[in-house]
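Participant: Sequence order for the protein chains is A and B.
Residues in the first sequence are numbered from 1 upward in steps of one, following the working numbering.
Residues in the second sequence are numbered from 281 upward in steps of one, following the working numbering.
Read the hints as simulated data drawn from the structure, not as lab findings.
Positions of the beta carbon are idealized from the N, C-alpha and C atoms, including for glycine.
Fair warning: there could be bad hints in the mix.
One-sided and incomplete, this derived list gives chain B residues near chain A with beta-carbon spacing under 8 Å [what the hints assert, rightly or not]: (1) PHE545; (2) THR551; (3) LEU785.
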Amino acid sequence: MAPTPGTVRPNARKPRVRKPAAVTTKPREVALSIRGLVKRFDNKTAVAGIDLEVFAGSLYGIVGPNGAGKTTTLSMVTGLLKPDAGSVFVHGHDVWANPVAAKRKLGVLPDQLRLFDRLTGGQLLYYSGILRGLDKASVRLRSADLAAAFGLENSLDRLVADYSAGMSKKIALAAAMIHSPRLLVLDEPFESVDPVSSANVIEILQRYAKAGGTVVLSSHTMNLIERVCDSVAVIVNGSVLAQGTMAEVRAGNSLEDRFVELAGGRRAAEGMEWLHKFSD
Amino acid sequence: MANAFRRTPWQIVGLVLALVYGLGTAFFLAAGLFALRFFDVELARSAVIVFGSIAVIVFAALPLLLGIEDLLDPRRFALYGMSNSRLAASIAVASLISVPALVITIIALAQITTWTRGPLPVALAVASAVVIVLTCVLSARISTTLATFLLSTRRSRDLTTIVGIVIIIALTPLIGLLASVDWTVDGAPTLSAIADVASWTPLGAAWGAPADAAAGSDGSAVAKLVIAILWLGLLALAWRALVGAILVRPTRQAQARQYNGISWFDRFGATPTGAIAARSVTYWARDARYLTNLAIIPVIPAVMIVALLVAGVPITVLALLPVPVMCLFLSWSVHNDVSFDNTAIWLHLVSSTSGRADRIGRLVPALALGIPIIVLGSLLSIAVYGDWSELPSLIGVSACILLVGLGLSSVMSAAFPYPAVRPNDSPFSQPQAGGSSAGLIQGLSFFGILLLTAPALAAAVLGFIYGGLFPLIALVAGLVIGLAALAGGVRLGARAFERRGPELLAAALRN
Numbered sequence: 001m002a003p004t005p006g007t008v009r010p011n012a013r014k015p016r017v018r019k020p021a022a023v024t025t026k027p028r029e030v031a032l033s034i035r036g037l038v039k040r041f042d043n044k045t046a047v048a049g050i051d052l053e054v055f056a057g058s059l060y061g062i063v064g065p066n067g068a069g070k071t072t073t074l075s076m077v078t079g080l081l082k083p084d085a086g087s088v089f090v091h092g093h094d095v096w097a098n099p100v101a102a103k104r105k106l107g108v109l110p111d112q113l114r115l116f117d118r119l120t121g122g123q124l125l126y127y128s129g130i131l132r133g134l135d136k137a138s139v140r141l142r143s144a145d146l147a148a149a150f151g152l153e154n155s156l157d158r159l160v161a162d163y164s165a166g167m168s169k170k171i172a173l174a175a176a177m178i179h180s181p182r183l184l185v186l187d188e189p190f191e192s193v194d195p196v197s198s199a200n201v202i203e204i205l206q207r208y209a210k211a212g213g214t215v216v217l218s219s220h221t222m223n224l225i226e227r228v229c230d231s232v233a234v235i236v237n238g239s240v241l242a243q244g245t246m247a248e249v250r251a252g253n254s255l256e257d258r259f260v261e262l263a264g265g266r267r268a269a270e271g272m273e274w275l276h277k278f279s280d
Numbered sequence: 281m282a283n284a285f286r287r288t289p290w291q292i293v294g295l296v297l298a299l300v301y302g303l304g305t306a307f308f309l310a311a312g313l314f315a316l317r318f319f320d321v322e323l324a325r326s327a328v329i330v331f332g333s334i335a336v337i338v339f340a341a342l343p344l345l346l347g348i349e350d351l352l353d354p355r356r357f358a359l360y361g362m363s364n365s366r367l368a369a370s371i372a373v374a375s376l377i378s379v380p381a382l383v384i385t386i387i388a389l390a391q392i393t394t395w396t397r398g399p400l401p402v403a404l405a406v407a408s409a410v411v412i413v414l415t416c417v418l419s420a421r422i423s424t425t426l427a428t429f430l431l432s433t434r435r436s437r438d439l440t441t442i443v444g445i446v447i448i449i450a451l452t453p454l455i456g457l458l459a460s461v462d463w464t465v466d467g468a469p470t471l472s473a474i475a476d477v478a479s480w481t482p483l484g485a486a487w488g489a490p491a492d493a494a495a496g497s498d499g500s501a502v503a504k505l506v507i508a509i510l511w512l513g514l515l516a517l518a519w520r521a522l523v524g525a526i527l528v529r530p531t532r533q534a535q536a537r538q539y540n541g542i543s544w545f546d547r548f549g550a551t552p553t554g555a556i557a558a559r560s561v562t563y564w565a566r567d568a569r570y571l572t573n574l575a576i577i578p579v580i581p582a583v584m585i586v587a588l589l590v591a592g593v594p595i596t597v598l599a600l601l602p603v604p605v606m607c608l609f610l611s612w613s614v615h616n617d618v619s620f621d622n623t624a625i626w627l628h629l630v631s632s633t634s635g636r637a638d639r640i641g642r643l644v645p646a647l648a649l650g651i652p653i654i655v656l657g658s659l660l661s662i663a664v665y666g667d668w669s670e671l672p673s674l675i676g677v678s679a680c681i682l683l684v685g686l687g688l689s690s691v692m693s694a695a696f697p698y699p700a701v702r703p704n705d706s707p708f709s710q711p712q713a714g715g716s717s718a719g720l721i722q723g724l725s726f727f728g729i730l731l732l733t734a735p736a737l738a739a740a741v742l743g744f745i746y747g748g749l750f751p752l753i754a755l756v757a758g759l760v761i762g763l764a765a766l767a768g769g770v771r772l773g774a775r776a777f778e779r780r781g782p783e784l785l786a787a788a789l790r791n
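This is chain A alone, in the form it adopts within the complex:
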């Protein structure tokens, strides 16, 4: 096992461990560690004690049915929702005890939250960059690179309010990356993004992971997670039912079959005979 994340001091042992970590015998650095995370809303338990370890350099998928607690978990990981119990460490920094250090290493794409949409795409990128403490010149440079990478060059001067859902997602994703964080936490990053763009995004994320960055992303598109991620966790009813490398979790099946099995199996489609007798 890796050294307990609470005691890891990345500053002390950081001298560029940027080589692909898989071949070394040294234990891989833990990028994100979640311990005993619990969240209740009124009487309903949304997250019932989740423990996860994500190693640096991996593309980690979180899958689960609707309402399983994926977004709640990721909100607590990113400092947007206060957990009732448990702790979250980003490269050794506690998100809730030492937020400034932890959040500097964190890039976030939340799901279903608004953007400052009366800004143009370019302004939103600039705004995110400056709030993250970048200087003007590097914001300019990175905005141009990100816009080119996400295919938004011609849309930077339009209001985000006039963007399509997919474009909003892409500009938010670009804004999450502008300060070159070590860990990206992306909630449903591919929802309503067209296939060409999502292929681009996947390539960007894979190169980022190869350079030592870590990506945690949630989705309910199993094929995509199976294709892109090297590790995966299955969350159902606020608990982790399986986690590990993709091969371990799949256990010989496709991820989709394994997921349906874990999530409670298929409902037998009986009693719907009327659907097969058409009304005209």
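Let chain A serve as the given structure and place chain B on it in line with the hints.
Facilitator: Using the frame of chain A, we list chain B on its own:
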């Protein structure tokens, strides 16, 4: 539709309030119409026609101005596969069951009692009542459907808001003009002249028919009823055509405008404070919710001055009023600023933006407007007032109000946010999430400003009476208290913002 009753508790409360308010208005007007039964024919005729025409205008225009979301939009029924005529008729009948339709029905029935002065007037009044109700409901239907269709893009919604504000501002002098007519002497002839014209238009024809019969001119009475019925027929045809047309037309697409570069962001420093200031200024200039606030701020003192002028207060004294009043509402308008961001505030949380940067950045637009208002406005006010020794008082009190207000708002918006109009909603719409706290917080921040300004204001009043050094005391007291309150407010607000980040987002999610 009975569906109106099957909603969340707060919506039911809203509906009940609307019902009580609507029925209250209706019964008040109905009582008036009943009372008119005992007035002479000429006066009753003028009153009924003028106010009836206004009611018809209100029915047709209100949906356009308010941009109400249409629950009976024909498009919603497009997938049920009804014929156009049947759909048009069904929706028209369904819209008879609504609070406004109930109100107009009561008024139309009451109008019959006004004309119980013979068989022909009563018969015509009954026919008119039916025509009036149907005309109002159909007009409202048509304009609501048009509004929903035309205002489906964001920019057109913003535009309507601005147009609405301009109309409201334009109406202010009109009200002053109407107030200037000496109603006790010229009232009846003025009203009668308006009624003569209005009763030949579709607006007043239905109201005029029984009135003319009661006055003895049967010929013009029948002619007016015919006009009213023809108009109703036209409306029905228009409605039928509109339903047919709108079902096959795609939703309007906005053509996006291009904005060049990052404008305000270049003019402020590349620090978090500068970026937040630039973002705030951009929002004040671009977002209809802020523009509405901005447009209303000069209207408030204008209305106050008109009212007080009518009451006989001399203009020289009233000249001292606008600057402090505008400062009061300008600084007060930002006391719920965080809620205006709605859930977009997450960006400030994940980038661990310092509370100070957030607080100060948000105050920049109000300061940038307030300081010139104080300097130029005070000079102008005192020029009208005539006594330059009062200048320090006016500046002191106004600056105190602005600075104290901004300080208090800094604390309030971070510590006690309450639901605000969401981004892209109509500025006149009510926030979905109800809450009893909103009124309390609004009142608290308002009277907090007045309380902390009291010393400067007291000195200014003493200076107004005794002169001497009091104006200077007002200036110094105002600036000292104001700056202290601003500094303290930003500090406290910053701490609240940093501590309560996740609560602010949770509050926005409930909004």
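Participant: Now tell me if each hint is right for this structure.
Facilitator: Evaluation of the provided hints:
1. PHE545: Given a least distance of 5 Å, the restraint on B/PHE545 holds.
2. THR551: holds (7 Å)
3. LEU785: Holds. Min distance 6 Å.
Against the hints set out earlier in the document, no violation occurs for any number.
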